[in-house]
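**Q** Quick mapping for you: the protein sequence lines, in order, are chains A and B.
Per full-length UniProt numbering, residue 1 is the first one in the first sequence, and the count goes up by one each step.
Per full-length UniProt numbering, residue 1 is the first one in the second sequence, and the count goes up by one each step.
Simulated from the structure, these hints should not be mistaken for lab results.
Just so it is clear, the structure is predicted and the values come from calculations on it, not from any experiment.
Any given hint could be a false lead.
[Unchecked claim] Cut-off 20 Å, straight-line C-alpha distance, at most; resulting in silico cross-link-like pairs (SDA-like, lysine to any residue):
| hint | chain 1 | residue 1 | chain 2 | residue 2 |
| --- | --- | --- | --- | --- |
| 1 | A | LYS65 | B | GLY42 |
| 2 | B | LYS33 | A | GLY247 |
| 3 | B | LYS33 | A | LEU159 |
| 4 | A | LYS77 | A | LEU46 |
| 5 | A | LYS32 | B | LEU135 |
| 6 | A | LYS32 | A | LYS260 |
| 7 | A | LYS154 | A | THR252 |
| 8 | A | LYS154 | A | LYS260 |
| 9 | A | LYS154 | A | ALA64 |
| 10 | A | LYS154 | A | LEU236 |
| 11 | A | LYS32 | B | ASN130 |
| 12 | A | LYS32 | B | TRP125 |
| 13 | B | LYS33 | A | THR252 |
| 14 | A | LYS260 | A | TYR342 |
| 15 | A | LYS32 | A | LEU278 |
| 16 | B | LYS33 | A | SER161 |
| 17 | A | LYS260 | A | GLY247 |
| 18 | B | LYS33 | A | ARG155 |
| 19 | A | LYS154 | A | GLY247 |
| 20 | B | LYS33 | A | TYR95 |
| 21 | B | LYS33 | A | PRO205 |
| 22 | A | LYS32 | B | SER153 |
| 23 | A | LYS32 | A | THR241 |
| 24 | B | LYS33 | A | LYS260 |
| 25 | A | LYS32 | B | PHE136 |
| 26 | A | LYS154 | A | LEU165 |
| 27 | A | LYS260 | A | LEU165 |
| 28 | A | LYS32 | B | PHE131 |
| 29 | A | LYS32 | B | LYS33 |
| 30 | A | LYS32 | B | ASN134 |
| 31 | A | LYS32 | A | GLY233 |
| 32 | A | LYS77 | A | ALA64 |
| 33 | A | LYS32 | B | PHE124 |
| 34 | A | LYS154 | A | THR241 |
| 35 | A | LYS32 | B | ARG174 |
| 36 | A | LYS154 | A | SER244 |
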Amino acid sequence: MTSSTLTRTPDATAPVPETGGGRRAAGFALRKLGLFVLTLWAAITLNFLLPRLMPGSPADAALAKLAQNGPVSNATKAAIEAQLGVPTGNIVEQYFAYIGQVLTLDFGVSYTFYPQTVSELVSTALPYTLVLVGVVTVVAFVIGTLLGVLAAWKRGTWLDSLPTLAGSFASAFPYFWTALLLLFFAGYVWRLFPTSGAYGPTATPNLSFEFLGDALYHAFLPALTILITSLGGWILGMRNTMISTLGDDYVTFAEANGLKPRTVALRYAARNAILPNLTSFGLALGGVVGGSILVERVFGYPGVGYLLFNAVTNQDYPLMQALFLMITVSVLVANFLVDILYGVLDPRTRR
Amino acid sequence: MTTQTTALPAIEKAPSPWQVFARVAATIWSNGKARIGISILGLFILLALFAPLIAPYGASENGFERSADSSWEHWLGTTAAGEDVLSQLLWGSQISIFVGLVAGLLSTVIAVLIGLSWGYVRGFWADVINFVVNLFLVIPGLPLMIVIAAYLSGGGIGMIIIVVVITGWAWGARVLRSQTQSLRSRDFVTAAVFSGERPFRIVFREILPNMTSLIVGNFFGAATAAILAEAGLEYLGLGDSSIVSWGTMLFWAQNSNALLTGQWALLFAPGLCIALLATSLTLINFGVDGISNPRLREGAKK
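All chains should be built: construct the whole structure from the sequences, respecting the hints.
**A** Set out below in structure tokens:
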């Protein structure tokens, strides 16, 4: 009884499921974990249901496509049918077979790149996306958040209007168009950068300085695109929360106490205002695995996003399902970790 | 006796939807950025409406010189299939505006229905809605959009609108739910509860009018997202590539190697139009933000 009253927030109207018992933090983490497992299960199930809810039979289209690449063994045929729901058993049996595949990470053979397996394709594409999108996401978050703090603190000056306006314009642009512009000028007109791929045609992927330099050179334009288009969101998010925080009593109090403006801005306002941006950052890190589909498509960059594009346009359903599942699960995991971290940083959210 | 009964309704009477709308519109218009946005949007709507009259040629009318540079006959040149770029641009504006309005409206309606009910109900059903909304919030939008579009291949504009709505309603529902929760404990709601109003009426007649600015803001946000999503899906070739929209123009530009041939108008014009349209909606939203959060109003100091 006492513990359940303890876990209640002042905002008693919120429909929060009570775990009943346990200490505050542990109860919080357990409840989050339970919710995470439930969401994960729902996402996996959604991935199973999607092809079955949609009209037409992906399996027939897939088998026809696979047959063009060469004779299809009976085992492959059975695997595809099991995965895509050609009725080889009732829906419950199919569902358990699918769960088994998910647990063993066995997603079968790709049709487009037959006889390569889905897991082989994914593990080749993943490093490129992780490095490219991952590094840019961190850089954009750091620069954007700092600019947001500056904009909010210098409200009404050009330090506010320039990054804020430029940021909102950049985020209203279709980002594949920004990518096309960069590709057109820097790639084709001025010939400063390569126009597609992750490394030159003669290079073989290894860890030599030569190859890494080449890879960096190829990654520059996609990276610049993602940076330009994502910076605005971080600036605006930080600026708007920071402005609300600056109006709070404790900031006014700190100012009235004669603390240095810099201290007030960073130690008091920014520290509290960064929480929502931190949440988005966690989610963005989870989204890194999915890559940046449109940017990777424009630059023909062989990451996960481009792989998904290829899977979709070639109706490669096993590859598509596996990629979608992987992208979703990484976002779910990131969201879960952010929730836990948020609870540690801001005890008010543990309710 | 009679004087008493006539005095009361004046206090109880809620502002009519038109009054609310007029007040919101006036506040938005008072914001400089929003005025620019409304002007740009108005211009696009006019161009889309009058496309049949203004456009020099039909949208898919081909047979002109292929990949031509701009000339007196073709102000923005022609495509690789010999179509007039300017005409395609004008006709294409209809699709973007239509998708933006319809998808924005539909996802706002769903967000309002779910968000407000969710904010009002308690217990089991609140948990269920919470779970479903969180699922849709967390599942990455673009990949889901692409996967659904792939399964529903070749459905045209209707399919794109459905896909955009499925992946786009959850955020609005969440925002509206928080506001409902904070409003439901206010005095006027308590008064309505005690006077025996049904929950449905309380939520949609008493609480809803107080959230106009949030809902309007949500509409513009959703419409912007829908326009960008439509363009992205069409650019990837996942929509109906036989229609003429700004997204398909970019798709064909990429397919016909307009980058190599330097067909600048074909590459820049559709993208610029999408960007301008989306920017106009973003600008209008600045004015809407000013209604709900006076701290963000033009010229307001901290």
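**Q** Would you mind marking each hint as holding or not holding in the structure?
**A** Here is how each hint holds up against the structure:
1. At most 20 Å may separate the alpha-carbon atoms for a hinted pair to count; A/LYS65 and B/GLY42 exceed this at roughly 48 Å.
2. Pair hint B/LYS33 plus A/GLY247 does not hold up; C-alpha atoms about 23 Å apart against a cutoff of 20 Å.
3. Taking the CA atoms of B/LYS33 and A/LEU159, the gap is about 18 Å. The hint holds against a cut of 20 Å.
4. Simply put, A/LYS77 and A/LEU46 have alpha-carbon atoms about 23 Å apart, too far for the 20 Å limit, and the pair is violated.
5. For the given pair, A/LYS32 sits about 14 Å from B/LEU135 by alpha-carbon distance, which is consistent with the 20 Å threshold.
6. About 40 Å separates the Cα atoms of A/LYS32 and A/LYS260, which puts this hinted pair outside 20 Å; it is violated.
7. Of the supplied pair hints, the one linking A/LYS154 and A/THR252 holds, its CA atoms being roughly 16 Å apart against a limit of 20 Å.
8. The suggested pairing of A/LYS154 with A/LYS260 holds, with an alpha-carbon distance near 15 Å, which does not exceed 20 Å.
9. Among the hinted pairs, A/LYS154 with A/ALA64 is inconsistent with the structure: their alpha-carbon atoms are about 63 Å apart, more than 20 Å.
10. Between the alpha carbons of A/LYS154 and A/LEU236 the distance comes to roughly 14 Å, so the proposed pair stays at or under 20 Å and holds.
11. Restraint check for A/LYS32 and B/ASN130: the C-alpha separation of about 13 Å stays at or below 20 Å, so the hint holds.
12. Taking the CA atoms of A/LYS32 and B/TRP125, the gap is near 19 Å; set against the 20 Å cutoff, the hint holds.
13. For the hint linking B/LYS33 to A/THR252, the alpha-carbon distance of about 30 Å lies beyond 20 Å, and the restraint is violated.
14. A distance of roughly 28 Å separates the Cα atoms of A/LYS260 and A/TYR342; the hinted pair therefore is violated under the 20 Å criterion.
15. Using a Cα cut-off of 20 Å, the hinted pair A/LYS32 and A/LEU278 holds, with the two alpha carbons roughly 18 Å apart.
16. A threshold of 20 Å between alpha carbons decides the hint, and for B/LYS33 with A/SER161 the separation of about 12 Å falls inside it, so the pair holds.
17. Simply put, A/LYS260 and A/GLY247 have alpha-carbon atoms about 17 Å apart, close enough for the 20 Å limit, and the pair holds.
18. Between B/LYS33 and A/ARG155 the CA atoms are separated by roughly 17 Å; this keeps the pair inside 20 Å, and the hint holds.
19. Restraint check for A/LYS154 and A/GLY247: satisfied, since their Cα atoms lie roughly 14 Å apart, inside the 20 Å limit.
20. This hinted pair does not check out: B/LYS33 and A/TYR95 have alpha carbons roughly 53 Å apart, beyond 20 Å.
21. Proposed proximity of B/LYS33 and A/PRO205 is contradicted: the alpha carbons are some 50 Å apart, above 20 Å.
22. Taking the CA atoms of A/LYS32 and B/SER153, the gap is about 37 Å. The hint is violated against a cut of 20 Å.
23. The suggested pairing of A/LYS32 with A/THR241 is violated, with an alpha-carbon distance near 25 Å, which exceeds 20 Å.
24. Annotation: proposed proximity of B/LYS33 to A/LYS260 is violated, straight-line Cα distance about 34 Å (limit 20 Å).
25. A hinted pair counts as satisfied when its Cα atoms are at most 20 Å apart, and A/LYS32 with B/PHE136 qualifies at roughly 17 Å.
26. Straight-line distance between C-alpha atoms of A/LYS154 and A/LEU165 comes to about 14 Å, which keeps the hinted pair within the 20 Å bound.
27. Taking the CA atoms of A/LYS260 and A/LEU165, the gap is near 28 Å; set against the 20 Å cutoff, the hint is violated.
28. Of the supplied pair hints, the one linking A/LYS32 and B/PHE131 holds, its CA atoms being roughly 12 Å apart against a limit of 20 Å.
29. Between the alpha carbons of A/LYS32 and B/LYS33 the distance comes to roughly 42 Å, so the proposed pair goes past 20 Å and is violated.
30. Under the criterion of a C-alpha separation no larger than 20 Å, the hint pairing A/LYS32 with B/ASN134 is consistent with the structure, at around 12 Å.
31. A hinted pair counts as satisfied when its Cα atoms are at most 20 Å apart, and A/LYS32 with A/GLY233 does not qualify at roughly 27 Å.
32. With a C-alpha separation of about 11 Å, the suggested pairing of A/LYS77 with A/ALA64 holds against the 20 Å cut-off.
33. Between A/LYS32 and B/PHE124 the CA atoms are separated by roughly 17 Å; this keeps the pair inside 20 Å, and the hint holds.
34. Between A/LYS154 and A/THR241 the CA atoms are separated by roughly 14 Å; this keeps the pair inside 20 Å, and the hint holds.
35. At roughly 18 Å between alpha-carbon atoms, A/LYS32 and B/ARG174 fall within 20 Å of each other, so this suggested pair holds.
36. For the hint linking A/LYS154 to A/SER244, the alpha-carbon distance of about 14 Å falls within 20 Å, and the restraint holds.
Checked against the numbered hints given earlier, the structure breaks hints 1, 2, 4, 6, 9, 13, 14, 20, 21, 22, 23, 24, 27, 29, 31 and satisfies all the rest.
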